[in-house]
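J.: Here are the chains, one letter per residue:
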Amino acid sequence: MSESYVIIGDGIAGSSAAEAIREEAPDADVTVVTDEGEALYNRILIKEFAKGKLPEAPISIHEPDWYDERDIDLQLNTLVTGVDPDAHTVETHEGDEISYDKLLVAAGGTPNQLPVENSDADGVHHFWTFQDARKIREHAEDADTGVVVGAGLLGIDLAAICGGQDVDAKYLMRGDRWWRYALSAEGAEIIHEGLREKGVEPVFESGADHFETNDDGEVVATIDGNGDRHDSDFVGVAIGLDFNVEILQDTEATIDNGVHVDEYMRTDVEDVYAAGDITQYWDTIMDERAQNGSWGSAKQQGALAGKTMLADEGYDVDIEPFRWVSSYSITHFDFPFLSFGFPTMGDESCERKYSDTEWRRLTFKDGKLIGGVLIGNLAPQSKYKKLIKDEAVVADQQDVLLQENFEIDELAIPQEQ
Amino acid sequence: MAYVGTAHNTAGEHMNPILEATETAPTTVEETVRDYDELHDRAQAALPDAVAGDGVAIPEEVADDLADGEVVRFTGYYRLDIAQ
Ligand SMILES: Cc1cc2nc3c(=O)[nH]c(=O)nc-3n(C[C@H](O)[C@H](O)[C@H](O)COP(=O)(O)OP(=O)(O)OC[C@H]3O[C@@H](n4cnc5c(N)ncnc54)[C@H](O)[C@@H]3O)c2cc1C
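If you're matching them up, the sequences are chains H and L in order. For the first sequence, my numbering assigns the number 1 to the initial residue and increments by one for each residue that follows. For the second sequence, my numbering assigns the number 1001 to the initial residue and increments by one for each residue that follows.
Hints are all accurate, no fakes.
Residues of chain L placed beyond 10 Å of chain H at every Cβ, according to the derived structure: (1) Gly1055; (2) Glu1060; (3) Ala1067; (4) Arg1079.
If we take Cβ atoms under 7 Å as the criterion, some of the chain H residues that face chain L in the derived model are: (5) Ile44; (6) Leu45; (7) Lys53; (8) Leu54; (9) Ala57; (10) Ser329; (11) Thr331; (12) Leu378.
Looking from chain H toward chain L, a few residues come up when the C-beta cut is under 7 Å (computed): (13) Trp295; (14) Pro336; (15) Ser382.
Read the hints as simulated data drawn from the structure, not as lab findings. All values derive from a computational prediction rather than experimental measurement. Heads up, the beta-carbon is just placed ideally off N, CA and C, and yes, glycines get one too.
Take the sequences, apply the hints, and build the full model.
T.: See below:
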C-alpha cells in the first residue's frame, strides 16, 4: 500500500506542499482538504478584485483540473474538525475520517472581530477569502460612506478599496499614524498623503467604540472612541488574525498564537507538520521563534514541509532549514512601499527621507540589520535582505546603509562573520 | 538603458535579455496575473526600473523567473516583454 499525505488547507502553503510531494512521490496518496468552495487562488490579488480593477479569472491559480492531472484528491467545502494523532486520522465536519501517514496543517488564520457593539452587523466586513472579496466589492460599489478600522497592512487594503470604489471613507487609527510600530511620523505621513489623494481621510487617536445600525440590522454609522459619529454604510475591519489552531487542541502540539514548528516545519507531534501563516517557526537568522504573514514565506514553508514529510518517510530528498527574509509590498499608490524582515522589532533604528515620496527606515538588533521599510525606491531591498541573511554586523555604518545607492562592498563587515 | 545585474556578470551587456514593462488595463486581462510579491527577489529588483524606463538589461536568471507576455501587478498593471 502506498503512503498517504493529508494536507489541511489549499492556500499557497498547502498547495505548494502538495506539489512538492507529488513531484517526488508519484505513487503516494495525496489529499488536500479545504473548507473553501474553490481551489487555490491568489489571495494577494483579491483586493484588486474588490476594488473593481481585476475580473475573477486572473485571480485563479489552480483550476480543479490541476489536481486531477496530478492525481491529487481535492476535497472542497470540507472543514476538518479534529486530529487524532494516535489513530493517525482527521475528522471532518460531516463525521468522515481521513487516515494519514503524514499530516500537514496549513490552515492559516481567521480575521478577528472587533469586540464592540454591532460588530457583526450587515455591512461590517472582514477580509480574508475570495468570498469576502465578492461581498466587499458588491457592497462597496453601492456604498456612499465608509469607515476602515485597523492601521496595518490589511487595513490599508480596505482603505484602498474604498478609494477605488469612490466610497467617501474615514480611516480610523488608534495612534497618531498608520502602522506606528514600523513607521515614524515622517514616513507614515507619505502614506497618509497617498490615502488622502485616494479620497480616504485618516483619523488619528481614534478607533471604533460601537456601530449604529438601522431597523434592518445594517450598519449606518461608526461611533469612535472620542464619541464622534462617522456615517458609514460600509465598514471594513482588519485588526489581526486568530490562527486556526483549534484542530490541534487535543494533541501535544505546542500552540502559542500559532503552532510551534522547527526549522523543517515539524510540530511537536509525530507525523504532524505545519506551514504558512499558522506557524510559529524557529527562525535560524534571528535565533528565536518568529511568525510571518506573507505569501512568499508561506510558499517556501509549504514546499519545505512537503519535502520534510517525504524525507521523514524515507525518501531521498535534500532538506535545508528554513532561512528566509520575508517581504510584503503595498502598491496602491503612485509610489511603492515594501516592508522586509522584522521592521517592528529591534533595539535600534535609523531613517532618512529623500523626497516627498521616498523614505527609508532600517531596524537593527544586536548590531545586525533585521528589517526595514522602503517607500518610493525599492532598489536596495535585495542588498538589505542579503545583509540580514548573512547576519552582518552593520549597525555602526548607518550612513552607508542610508545612502540612496549603496554597494555592499562599501561596508566594512567584520571577517569572522 | 539601465542594467540590473550582478557586478560579476561577464556576459556583454548587449547579450542580456531586455525587460520592458508596458502599462495595461487590468479589466481586459483574462490570464493569470502575478503580484510583485510573488516574484523572485531578483525579478523584484528589476521590475521597478523596467516600469520607470524604456527597458532594462537583465541577467538570464531574472528572465527565467518571468514569462514573456505575462501581466504583473506593481504600482499599476504591466505586461512584460522579454527580448532575448
Ligand atoms: C486581502 C489580503 C491581502 C494580502 N496581501 C498580501 C500582499 O500584498 N503580500 C503578501 O506577501 N501577502 C499578502 N497577504 C497575506 C498572504 O495572502 C498570506 O500570508 C498567505 O496567503 C498565507 O497562506 P497560507 O497558505 O499559510 O494560509 P491561507 O491562505 O489562509 O490558507 C489556509 C486555508 O486553510 C483553510 N482552512 C482553515 N481551517 C481549515 C479547516 N479546519 N479545515 C479545512 N480547511 C481549513 C482556509 O479556509 C484557507 O483556505 C494578503 C492577505 C489578504 C487576506
